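Chains as they are written, first to last, in UniProt numbering: chain A, 1 to 250; chain B, 1 to 244.
Note that these hints are calculated values from the structure, not bench results. All figures in this text were calculated on a predicted structure; none of them were measured in a lab. Worth double-checking, as some hints may not be accurate.
Label-pair distances were calculated between CB atoms; the ranges are [said to hold, decoys possible]:
| # | chain 1 | residue 1 | chain 2 | residue 2 | range |
| --- | --- | --- | --- | --- | --- |
| 1 | B | Arg47 | A | Asn69 | 37 to 47 angstroms |
| 2 | B | Ala52 | A | Leu138 | 25 to 35 angstroms |
| 3 | A | Tyr133 | B | Trp143 | 23 to 33 angstroms |
| 4 | B | Arg47 | A | Lys233 | 18 to 28 angstroms |
| 5 | B | Cys213 | A | Lys110 | 40 to 50 angstroms |
| 6 | A | Glu57 | B | Val222 | 50 to 60 angstroms |
| 7 | B | Leu69 | A | Gly19 | 54 to 64 angstroms |
The C-beta atom is built at its ideal place from N, Cα and C for all residues, glycine as well.
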Amino acid sequence: MIELKNVHKAFGKNTVLKGINLKVNKGEVVVILGPSGSGKTTLLRCINFLESADDGELIIGDTKVDFKNATSKEILAVRRRTAMVFQNYNLFNNMNAIENVMEGLVTGRKMPIGRAREIAKQALDKVGLKDKYEAYPLQLSGGQQQRVGIARAIALNPDVILFDEPTSALDPELVGEVLSVMQAVAKEGITMIVVTHEMSFAMDIAQHIIFMADGNIVEEGSPKDIFTNPKEKRTKQFLERILPRWNYSI
Amino acid sequence: MVFDFHYVITSFITAVHYIPVTLALSLIPLFIGIVFGTLIAVCRKFRIRFIAPLADIIIPVVKGIPLVLHLFIMNFLILKPFDLLAQYYAWADVIRFMDKVYIAIIAISIYAVIIISETMRSALMSVSEGQYEACYSVGLTRWQALRRVVLPQVFPVAIPVLGNNLIGLIKGSSVVYLITVVDVMNGALTTAQINYRFLEAYIAAALIYWGICLLTERLFAVWENHMKKYQLGSAKNNLRQEVL
Chain A
1 MIELKNVHKA FGKNTVLKGI NLKVNKGEVV VILGPSGSGK TTLLRCINFL ESADDGELII
61 GDTKVDFKNA TSKEILAVRR RTAMVFQNYN LFNNMNAIEN VMEGLVTGRK MPIGRAREIA
121 KQALDKVGLK DKYEAYPLQL SGGQQQRVGI ARAIALNPDV ILFDEPTSAL DPELVGEVLS
181 VMQAVAKEGI TMIVVTHEMS FAMDIAQHII FMADGNIVEE GSPKDIFTNP KEKRTKQFLE
241 RILPRWNYSI
Chain B
1 MVFDFHYVIT SFITAVHYIP VTLALSLIPL FIGIVFGTLI AVCRKFRIRF IAPLADIIIP
61 VVKGIPLVLH LFIMNFLILK PFDLLAQYYA WADVIRFMDK VYIAIIAISI YAVIIISETM
121 RSALMSVSEG QYEACYSVGL TRWQALRRVV LPQVFPVAIP VLGNNLIGLI KGSSVVYLIT
181 VVDVMNGALT TAQINYRFLE AYIAAALIYW GICLLTERLF AVWENHMKKY QLGSAKNNLR
241 QEVL
């Protein structure tokens, strides 16, 4: 279980997060929606301390961390319980696919190489890259790179995987292969927090949808509630722009 | 005096014996420069306390001083205390005579550390922030990220520039004749001091420096290609990501 309490973050004078409270249950798939600049990505990056929030509290499993005065030891502990999939993949360019997946296990968690290799192979098989163990990022397509990115995350067996717009950098034909891998991961019961603009994915996979705007959570609820019966004006506005032909009265 | 190629050869043969000195005066500083220059560049990248602000002040100062002046200043800075020590402990004259090469090596090394720290800093900048973030996201520490992911990508980028740095050091080391160290330059001049054939001596020295630099350039080109072949990704891949 992950809980965020009263998270604040500002870049200089620009306040990005204005007191976010969020609770994610174990095995839940949460999708964060919202216009650009609403703070979705910043919120996600605060969870694993890639961005340091100014104020607030993070509870992950039995660990409780205060954002204001988190020690580097606590930060490392949180990072070893989470994993992230990035918008532009960020695979380690100097390593091939299997080494990319093994790195966090071998160097980060001091796992023996033999066992790490087994886990890495399983993870790569899961994302459908059985024949690409030795391929370098340069030799893979965008969709394949992102699937290695997902394999790298699931191999760590984290408490939660954070997806930061995983399909935004892909061309439309490759989006499908990444989404179907994410769907398979979700079915395994891994906790996921996903920032995305893929509405159909959000509708199909999410158990809980959070709509953010201007650094606040405007509305949250089940996909059915949010998509068919949004209560807030801001949510309606956003959905109308993104889903112009959506029929609200089913 | 008419130009006589015979004297070029005499001078050349004498000077060739001092190639090891010139190589020591450039390769040792290169090695020290790579080790400490990388360290300084990393400290500046992560804004390490005390070291980074200190480097910010010292590097522009040393970079703005010609190597000759740097050598002279170091000569006096090191020689004075050393002489006092030697007098105090009554060291043999041999040691006092030999120390000039060491002074030259120390002076050129400091110069190399500064120059190469700038090379490594620009090479470090070629690795995208995303590579660090990916490391942190899988639970690596900053040091592990550097060692496992960032530095292996930095060196292939730095190699061509390091080659140029080395050539600069080889040519720059020729100023050590001013503090009476006998390297290729000074070796070539020893014959001219007897027969007054200075032009011939200079040409002989120039030929040797040219040869060494040519060889260095070739070697670095081969190394660069080797790295390109076996280090897939790196700079090329960053470019690709930016395009996408």
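Q) Which hints from the list above does the structure break, by number from lowest to highest? A) Violated hints (numbers, rising): 1, 4; every other hint is consistent with the structure.
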